[in-house]
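Chemist: Below, each chain spelled out in residue letters.
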Amino acid sequence: MQRIGVFVCWCGSNIAATVDVEAVSQALKDEPGVVFSTNYQYMCSQAGQDLIKQAVAEHGLTGIVICSCSPRMHETTFRRAAAAAGLNPYMVEIANIREQCSWVHKDIALGTQKAIVLGRAAVAKLHLNAPLTPGETPVTKRALVIGGGIAGIQTALDIADAGFKVDIVEKKPTIGGKMSQLDKTFPTLDCAACILTPKMVEAAQNENITIYSYSEVESVGGFVGNFDVTIRKKARYVNESICTGCGLCTEKCPVKNVPNEFNLGMDSRRAVYIPFAQAVPKVATIDPDYCNMLKNGKCGVCARVCTAGAIDYKQTDELIEQKYGAIVVATGYEPIKLDKFDEFAYNSSPDVITSLEFERLTNAAGPTSGKLLRPSDGKHPHRIVFVQCVGSRCAAAAGKGKEYCSKICCMYTAKQAMLVRDKYPDTEVYVFYIDVRTPGKNFDEFYRRAAEEYGVKYVKGMVGKISPQGEVLKVQASDLIAGRQLHIDADLVVLAAAIEPDRSARPLATMLTASMDTNDFFTEAHPKLRPVESPTAGVFLSGACQGPKDIPETVAQAGAAAAKVIGLLAKDKLTSNPCVASVDELMCNGCSSCERVCPYGAISYVNKEFRMPDRTVALRRVASVNPAVCQGCGACTVACMSGAMDLRGFEAKQIIAEVDAICK
Amino acid sequence: MQKITEDLARRRAAELMRAGEISCLLGWKKGEFDYDVEPTVFYTPEEVERELVCNVFSAANLSKYLISLTRKAEGRVGILLKPCDSFSFNQLLTEHRFDRERVYALGLPCEGTVDTFLLKERVGEGIYSIKIKDGALEVETLSGEVKEIPLSEVYAERCLVCKSRRPVAYDEMLGEVTPDADEDRFAQVEKLESMTAEERYAFWQGELSRCIRCNACRNVCPACSCERCVFDNPTSGVETKAPSEDSFEEKMFHIIRAFHVAGRCTDCGECSRVCPERIPLHLLNRKFIKDINSFYGDYTAGAEVGSRAPLVSYTKDDPEPGQGGQK
Amino acid sequence: MQMTDYKPKIVAFCCNWCSYAGADLAGNNRLSYPAEVKIIRVPCSCRVNPTFILRAFQRGADGVIICGCHPGDCHYTSGNYFARRRMALLFSMLDYLGIERERTRVEWVSAAEGAKFAATMNDFVSTVAALGENRRLEDLRCKK
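Just so you know, the protein sequences line up as chains P, W and C, in that order. The first sequence begins at 1 in the working numbering and counts up one residue at a time. The second sequence begins at 1 in the working numbering and counts up one residue at a time. The third sequence begins at 1 in the working numbering and counts up one residue at a time.
Only chain P is shown next, with the shape it has when bound in the complex:
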């Protein structure tokens, strides 16, 4: 039997004016287990807390009920006071008789009556409280960043800067991501390479950063502070530590017709290649799908010309096992496939290109060395049509495209259109749009410059059809403001294709037990208050894997994710909220219902031997809750049919005791 002390607070006159505090403390004195009951002017004051300490000592209290303001206000205060008095801090219950009683009920008789009932409910619950101790787990002081684009690089740099080890896993042969393919960046028009490549080099040279390029995450186990990750380092058939990146092999390789993915297939590379001049790590990679030596053992040119002796045709995938305290997802985006958009003739005409392809065409390191030439005949285009929202903001009923806004297209299109007009003033440029969205610092000014100073012709309306006819592209579109149909003979059409999460994101989310929305963007722990954390503890989100973002936003989020990681890694031990789910294994059916409703992946299953009632021993599948990961929502407790799952601090029998006390 508990020995309970009740402390009724006046809160000056806040409570005492509409609740007879003396009557409340008298009434609660008669409750079973209550050995001490008093009231005081300000329970949260030092004097009030001393009163608690004194009563605990004098009356040998095992738990206390405070009738006061909301627990959201002073629960922590009173738990500390209890701890100071030598009680377990979780042997405290609070009856909210201010916000939910004295302040809302004007009639003193009614208010007093209700305060007594609330006090009784708290006493009834406290009878069933058990002392709780927060769990502690150690933290591995190393972070993993998945994805080596600008988001991943920035996050890794910031974490490394704080003195922690961080590994970047990038599936491509080089880090740099989409940003390395861009020409200029809005709204300042700096060249992407000029601001990105120094960061790439910095990442490579930072002592705290290890880059695993041409690598992928194979499996993830463990939990916050203690993840066990296996990384597959794919065979590149070149010894990374010996290769000097001289590029001789890439010049001598006889296989010349491999589509160059860095230039989106608009030119070709060799079977052994370095994606681009500033690649990090700057080492060659042999493409096993094209290399004659790997395919049929006939060639070996690269090995012969390599003065460093770095070529290794026998190299195999390597599995690296590493422990991490935190994981940052920075898997980024890719433009959608345009197969379902036949009306824009993307697949039938080489002169209908995507915006990312346009970036390569205007980039000095691109297939045309930066000269804007039509892919079909290499001629300079004189009339260019940009089409916005290709696959963005589509109605769900359309059965193609995405319902969301891809966010970056309005601005990069303004940039591309402006640059064309700047470099080739003889070119006529049209932009067809639904809305022009420019919410960002200096964004709207930038767009207006494109339209007003550079004479880009913005037309509100959608392009209905594009038909290649001889050398021109017949563009049929509507001008919604003028209310007429337009027919334009264009030389080049640029489609602002919607962006979607990288395809590697979905299987990764499964490995991380991190949740995703219906579009496969990672879900944040709270859309407003915890935007860079995944609901899965220890997993953080950086960049476009969480939703479409431009570069400034990505970098800001990358820094925010890094700050969260640093905060986590700075701790030696993680203490966890003890009010978490716990399972009674004897009752557990192992049915997986709890696992299916857990938003945090805190529940796993183990096979254990149990003595059965008939004295046999049976191997049974039972749930196991990881208290470091559980956040204590209680979804599992209701999904559990057998009642094996309960929530500490909010146990079924405690809540039923409250119900009973209220309904008495």
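There could be a bad hint or two in this list.
[Said to hold, decoys possible] A few chain W residues that face chain P, going by a derived Cβ cut-off under 10 Å, partial list only: (1) Y65; (2) S68; (3) C229.
[To be verified] Straight line, CA to CA, 30 Å or less: simulated DSSO-like cross-link-like pairs of lysine-lysine: (4) P:K337 - C:K116; (5) W:K316 - C:K116; (6) P:K234 - P:K323; (7) W:K163 - P:K402; (8) C:K7 - P:K371.
[What the hints assert, rightly or not] Partial pick of chain W residues on the chain P-facing surface, computed with a CB cut under 8 Å: (9) K72; (10) R76; (11) C226; (12) E227; (13) G237; (14) H260; (15) T300; (16) E304; (17) L311; (18) V312.
No lab work stands behind these hints: they were computed from the structure. As the structure is a computational prediction, the values presented were derived from the model and not from experiment. Glycine included, every Cβ here is placed at the ideal spot set by N, Cα and C.
Starting from the known structure of chain P, arrange chains W and C on it as the hints suggest.
Modeler: Just chains W and C now, with coordinates in the frame of chain P:
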């Protein structure tokens, strides 16, 4: 189920046992009376050949016994599954209650099972023996009279409205799949829904007041297969040591039980079949099934292994509570 | 049926992060609602087991209301979605058993909606009061 099926089942099961493919067989055998066909475990091929009964009285759903039997038995366990039982079989697999590799399932075709209450009512006096003929039962009464009762008149309600006669799980099918029943499964639920709250209350008070808490419904239900039932567990908050007229457990047993099996109940109808007070317990379960179908889209528990039960799933635009399925 | 001095017993389950805070805000703003409403704090609406609601009705509650974060705003991301399904089915079942639908309610109240909390409670209490005392689940009994 026809005589041919029974012969086939006996032969195949005995064969499997002799070949060492299965160590035992979950099946049915005759009890005290011809209509009293009860679940049993056969351990020898001779027993199977002599005693296995597969007919219109083999009504019991055997799937639930796999949980304990696969724990005890060596090797693989054989089981006979009627189509409706195969849904329970899958549901148990979804909930990881036994290992599929440890089971060899023989699928049986089914045209319905007999409601023995109905049969006894129809015969009107003690039954001495029953011969199963094509489409009818030849019943010899205690007074020596022989009555021919058409099967169509004594099929169980659950069989007349059977959700599907296409088995969803078996390793080997014995005989041909029979065509589905075409009666509306939810007609009775709809009838209750159309009453006033007062009338519904009166109906359920009348029905549930007859409960003697024998626990037969719970013990037979394949979804009620908890290691330890909440009603037997003092820490659950619903159990009462000495059930009294006033206790929570007494009053809420059937409602809590129905909620516990909601989204997992395959509507096999065993609860109502075994109820000695003939309380239409399946109408509670079917209400949940009907609501689930109309609120969240058609869902049949056990139709596929691994499907996500409606109560451990959600969509962002589910209907709000109290709006009768309106979004 | 309705007596002038009849006071219904109302149990309100409020999630800690939104609705309980919304109730606190109603208090801060001194927005009154009937004293018959007694709040039980739960971490999330998904912690509310149907058993708790049945228990309340059996112990003489006249109405039970569950308040949680708005769909999409759950502190635990998905808890209120599960609660919504559970309660939709439970309330429909209670109605089927003869417990009027008006005696049960789910309302989404955010931490900023003190006024909505008070208005909801005022409305719910008057709706339940108009139905009169709830004896139904107390009478649904087994054989004596």
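Chemist: Which of the listed hints are broken here?
Modeler: Structure breaks hints 1, 4, 7, 8, 10, 15 and 16.
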